[in-house]
Amino acid sequence: MIGKNVKVIVDRPLGSYHPKHKDLYYPINYGYVPDVMGGDGEEQDAYILGVDTPIKEFFGTVIAIIHRLDDVEDKWVVAPAGMSFTKEEILQEVKFQEQYFKIEIEI
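Read in the working numbering, the sequence shown has 64 at position 61, and its numbers run on one by one without any break.
Heads up, a few of these hints could be off.
To be verified - Taking lysine to any residue and the SDA-like style, the derived pairs with C-alpha atoms no more than 25 Å apart in a straight line are:
| id | residue 1 | residue 2 |
| --- | --- | --- |
| 1 | 105 | 56 |
| 2 | 23 | 46 |
| 3 | 59 | 26 |
| 4 | 10 | 108 |
| 5 | 25 | 56 |
| 6 | 25 | 54 |
| 7 | 7 | 45 |
Stated by the list, open to error - Distance windows between CB atoms, simulated:
| id | residue 1 | residue 2 | range |
| --- | --- | --- | --- |
| 8 | 12 | 98 | 30 to 36 Å |
| 9 | 59 | 90 | 27 to 33 Å |
| 10 | 85 | 105 | 30 to 36 Å |
| 11 | 91 | 44 | 17 to 23 Å |
| 12 | 22 | 87 | 16 to 22 Å |
| 13 | 23 | 84 | 17 to 23 Å |
Just so you know, these hints were derived from the structure itself, not from any lab. Because the structure is a prediction, the values reported are computed rather than measured. Using N, Cα and C, we set each Cβ at its ideal position, and we do this for glycine too.
Full structure from sequences and hints, please.
Encoded structure:
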């Protein structure tokens with residue numbers, strides 16, 4: 004999937020809070036890739052990096068996959084075409100949520 008261009012529907016825009024876990028703040032845009040099923044039986048979740056304003060949808064490139072080793076699903080990392088991030092930069096951006104899981108980042 005890395006290198007594939009995808010559309011992400013943002014259901015948790017930058018600056019919002021998780022609908023069930025009210026103390027989980029989203030410092031980046033987060034959503035799902037329509038019509039692609041993830042390991043949890045829901046549409047594939049995706050973090051969007053490189054966009055500093057809240058958005059409703061995004062077209063970008065999958066630049067990494069976050070493998071949750073102690074969960075049933077992976078998360079995709081999507082960025083504007085031509086933009087890249089190191090594993091360390093990705094971890095800093097997604098730590099707000101991924102700190103609760105054992106993960107590996109594939110670039």
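Evaluated hints:
As the CA atoms of residue 105 and residue 56 are separated by approximately 29 Å, the hinted pair breaks the 25 Å bound. The hinted pair formed by residue 23 and residue 46 meets the criterion: a straight-line CA distance of about 18 Å does not exceed 25 Å. A C-alpha spacing of about 22 Å is found between residue 59 and residue 26, which places the hinted pair at or below 25 Å, so the restraint holds. Restraint check: the Cα-Cα separation between residue 10 and residue 108 comes to about 21 Å, which is no more than 25 Å; the hinted pair holds.
Note on residue 25 and residue 56: the hinted pairing holds, with a Cα-Cα distance of about 21 Å set against a maximum of 25 Å. For the proposed pair residue 25 and residue 54, the alpha carbon gap of about 23 Å is at most 25 Å, so the pair holds. Using a Cα cut-off of 25 Å, the hinted pair residue 7 and residue 45 holds, with the two alpha carbons roughly 20 Å apart. Checked against the hint of 30 to 36 Å, the C-beta distance between residue 12 and residue 98 comes to roughly 23 Å, which is inconsistent with it.
For the pair residue 59 and residue 90, the supplied restraint of 27 to 33 Å holds, since their beta-carbon distance comes to about 28 Å. For residue 85 paired with residue 105, a C-beta distance near 31 Å keeps the hint of 30 to 36 Å intact. The beta-carbon spacing between residue 91 and residue 44, approximately 31 Å, falls outside the hinted interval of 17 to 23 Å. Hint check: residue 22 to residue 87, Cβ distance near 31 Å, so the stated range 16 to 22 Å is violated.
For residue 23 and residue 84, the hinted distance range of 17 to 23 Å is not satisfied, since their beta carbons lie about 33 Å from each other.
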